[in-house]
Amino acid sequence: MEEYITQRAKIAGEALAQLPTGEIAKAINILQAAYERDGRVYIFGNGGSLALATHWVSDFNKTVFSHNLDKHERRFQAVRLPSTEEELTAWANDVGYDMVFAGPLQNYLQDSDVVIAVSSSGNSLNVIKAVELTKQRRVPVIGISGMDGGRLRELADAKIHVQSAPGEYELVEGVHAVVLHIMVKYFKDYFNHRLMQTA
Amino acid sequence: MIISRAPLRISFMGGGSDLSAFYEKEVGRVISTAIDKYIYLVFNHTPMVNRVTARYFHSESVNHPLELKHDRIREALLDLGIKSNIEIGAFAHLPSRTGLGSSSSFSVALMKGLHAYLGKKIGARESAEAAARLETDLLKEPIGKQDHYAAAAGGFNVLEFHPDRVEVQPVLLDFERRALLEESIILFYTNITRDASTVLTEQSVRTKDDSAHREIVRRMVDMVLPFKDALMKGNLEDLGALLSRGWQLKRQLASNISNPVIDALYNAALEHGAWGGKLLGAGAGGCLLFLAPPERHAAIKAALFACAREHSLEETSDIPVRFVQSGAEIVFNTHHPQMVRTLEPVWKST
Chain H
302 MEEYITQRAK IAGEALAQLP TGEIAKAINI LQAAYERDGR VYIFGNGGSL
352 ALATHWVSDF NKTVFSHNLD KHERRFQAVR LPSTEEELTA WANDVGYDMV
402 FAGPLQNYLQ DSDVVIAVSS SGNSLNVIKA VELTKQRRVP VIGISGMDGG
452 RLRELADAKI HVQSAPGEYE LVEGVHAVVL HIMVKYFKDY FNHRLMQTA
Chain P
28 MIISRAPLRI SFMGGGSDLS AFYEKEVGRV ISTAIDKYIY LVFNHTPMVN
78 RVTARYFHSE SVNHPLELKH DRIREALLDL GIKSNIEIGA FAHLPSRTGL
128 GSSSSFSVAL MKGLHAYLGK KIGARESAEA AARLETDLLK EPIGKQDHYA
178 AAAGGFNVLE FHPDRVEVQP VLLDFERRAL LEESIILFYT NITRDASTVL
228 TEQSVRTKDD SAHREIVRRM VDMVLPFKDA LMKGNLEDLG ALLSRGWQLK
278 RQLASNISNP VIDALYNAAL EHGAWGGKLL GAGAGGCLLF LAPPERHAAI
328 KAALFACARE HSLEETSDIP VRFVQSGAEI VFNTHHPQMV RTLEPVWKST
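Chains H and P are the protein sequences, given in the same order. Just so you know, we're using the numbering used here here: the first sequence kicks off at 302 and counts up by one. Just so you know, we're using the numbering used here here: the second sequence kicks off at 28 and counts up by one.
The set of hints was computed from the structure by calculation and includes no laboratory data. All C-beta atoms, glycine included, are put in the ideal place defined by N, C-alpha and C. Among the hints, erroneous ones may be present.
Stated by the list, open to error - For lysine-lysine, the following PhoX-like pairs were computed, each having C-alpha atoms within a straight-line distance of at most 25 Å:
1. P:Lys148 - H:Lys489
2. H:Lys436 - P:Lys148
3. P:Lys147 - P:Lys110
4. P:Lys260 - H:Lys486
What the hints assert, rightly or not - Some, not all, of what chain H presents toward chain P, calculated at C-beta under 10 Å:
5. Thr322
6. Asp339
7. Ala393
8. Tyr409
9. Ser413
10. Arg495
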């Protein structure tokens with residue numbers, strides 16, 4: 302059993318060593334620009350990816366500023382979509398599951414916003430529908446994908462693609478969690494540094 | 028109502044290679060960053076007022092766009108077929124003619140906003156192309172393309188100019204290196220104003236006809252990637268030296284790029300410990316940029332102000348800047364494009 306575990310850890314290590322650092326840097330710049338214009342960040346995905354999205358929203362809105370919560374005049378405005386279960390079930394039941402993200406996103410999306418789409422296959426229809434809506438509005442998209450990247454990799458402005466064999470969801474979702482935490486840590490360090498500069 | 032904005036920029040190296048006289052024959056390259064000083068434009072639909080109103084340094088209200096004195100607004104309205112019932116206001120953090128690319132930032136914000144006014148969302152590349160077309164094709168200004176792309180894209184970029192396209196390559200600086208550079212910068216506004224066109228006209232003619240002149244621009248282009256490398260390493264002293272070498276080359280491009288007052292200010296800063304510097308923009312006035320150890324800033328600024336007084340320059344200032352990632356954007360939009368129905372679908376100037 303230990304051999305199996307070592308083997309899985311090795312695969313994860315290899316995936317981490319090949320992180321698309323340039324694309325993650327681009328994503329960080331896109332988020333920085335949204336912060337400068339007081340725009341919002343919408344994030345969504347299915348299943349485990351939705352859990353990652355929710356976790357990231359909490360970190361990004363609060364943990365990033367947690368050392369000096371009251372010292373920041375402006376904080377991020379990240380929102381997981383749909384923001385209520387009621388919207389999720391209403392869109393799925395009344396219109397179709399492919400509209401659960403694009404539907405609510407249409408209510409919110411402004412020119413100054415940014416969208417983060419998380420899909421391990423890169424091909425989830427509901428994720429792609431929301432990304433297409435975003436692209437139509439000329440709003441930047443950060444696409445976090447796995448496997449071969451699918452449609453999401455083609456459409457996104459920052460293409461954070463964790464290359465993997467088909468069906469490697471556990472690996473991909475794990476690496477996605479690392480990438481999302483890198484963004485959190487970057488901005489946490491950045492805002493601390495800025496506070497020190499102005500102190 | 029719609030509010031659009033576009034940032035000004037600091038161009039470090041390679042200016043002049045964005046003129047078609049240069050990049051039609053070989054690749055042009057510039058490194059620049061957007062800064063936290065913006066041009067804001069407000070667009071208001073006035074369904075009951077059949078006039079075109081433009082408020083900027085002057086205020087104009089006319090029956091037809093053709094009568095507007097403001098050339099950029101006039102040509103943009105004519106080109107997009109917007110004939111009447113519109114009010115456009117301009118606001119800026121800094122005055123014009125600073126060498127920070129403000130006129131092109133204005134055009135980028137204008138094209139971004141007017142497209143939104145017509146219900147069309149355009150991205151960074153389309154905004155840059157539309158603004159470059161406005162200034163170089165419609166207004167026949169002898170200017171390069173770097174400022175349109177810098178303003179539209181935002182952030183720190185190497186811009187590459189090819190005959191058929193412009194490539195925007197982001198310089199992915201982390202916050203520590205960005206802050207290091209920000210803290211080293213002195214931006215000194217000379218309050219000597221000039222019109223970029225007069226300098227650039229001479230420069231364009233010479234780049235086309237004069238091989239020695241082209242060689243100077245080529246040497247500046249060749250310094251862009253070394254500048255980027257030094258930047259990524261956080262090697263500020265090298266950056267300062269490169270800036271100064273670039274400025275010494277640039278001075279040779281047109282007879283009127285520098286003058287004795289600018290030279291005196293430049294020398295004062297270097298004598299008081301600046302690593303290097305240059306005049307920003309086309310030349311002959313505007314802002315001087317210096318890189319210097321932060322602990323020397325107070326002495327350098329004092330020397331600059333003293334030198335300015337000696338040469339009877341009034342209302343000079345040092346401008347604090349930070350770099351920004353944001354480019355041209357719509358920051359506010361409560362406009363309903365379907366309300367704009369008094370217009371004929373397409374109206375073109377002859």
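Here is how each hint holds up against the structure:
1. P:Lys148 - H:Lys489: Measuring from Cα to Cα gives roughly 33 Å; hence the hint is violated.
2. H:Lys436 - P:Lys148: The hint holds at about 10 Å.
3. P:Lys147 - P:Lys110: 17 Å, holds
4. P:Lys260 - H:Lys486: 22 Å, holds
5. Thr322: The hint holds - Thr322 (chain H) has a Cβ within 10 Å of chain P, the shortest such distance being about 8 Å.
6. Asp339: 8 Å, holds
7. Ala393: 29 Å, violated
8. Tyr409: 14 Å, violated
9. Ser413: For Ser413 (chain H), the interface hint holds, since the closest Cβ of chain P sits about 6 Å away, which is under 10 Å.
10. Arg495: Constraint on Arg495 (chain H) satisfied, holds at 8 Å.
In summary, the structure is inconsistent with hints 1, 7, 8 from the numbered list given earlier, while agreeing with the others.
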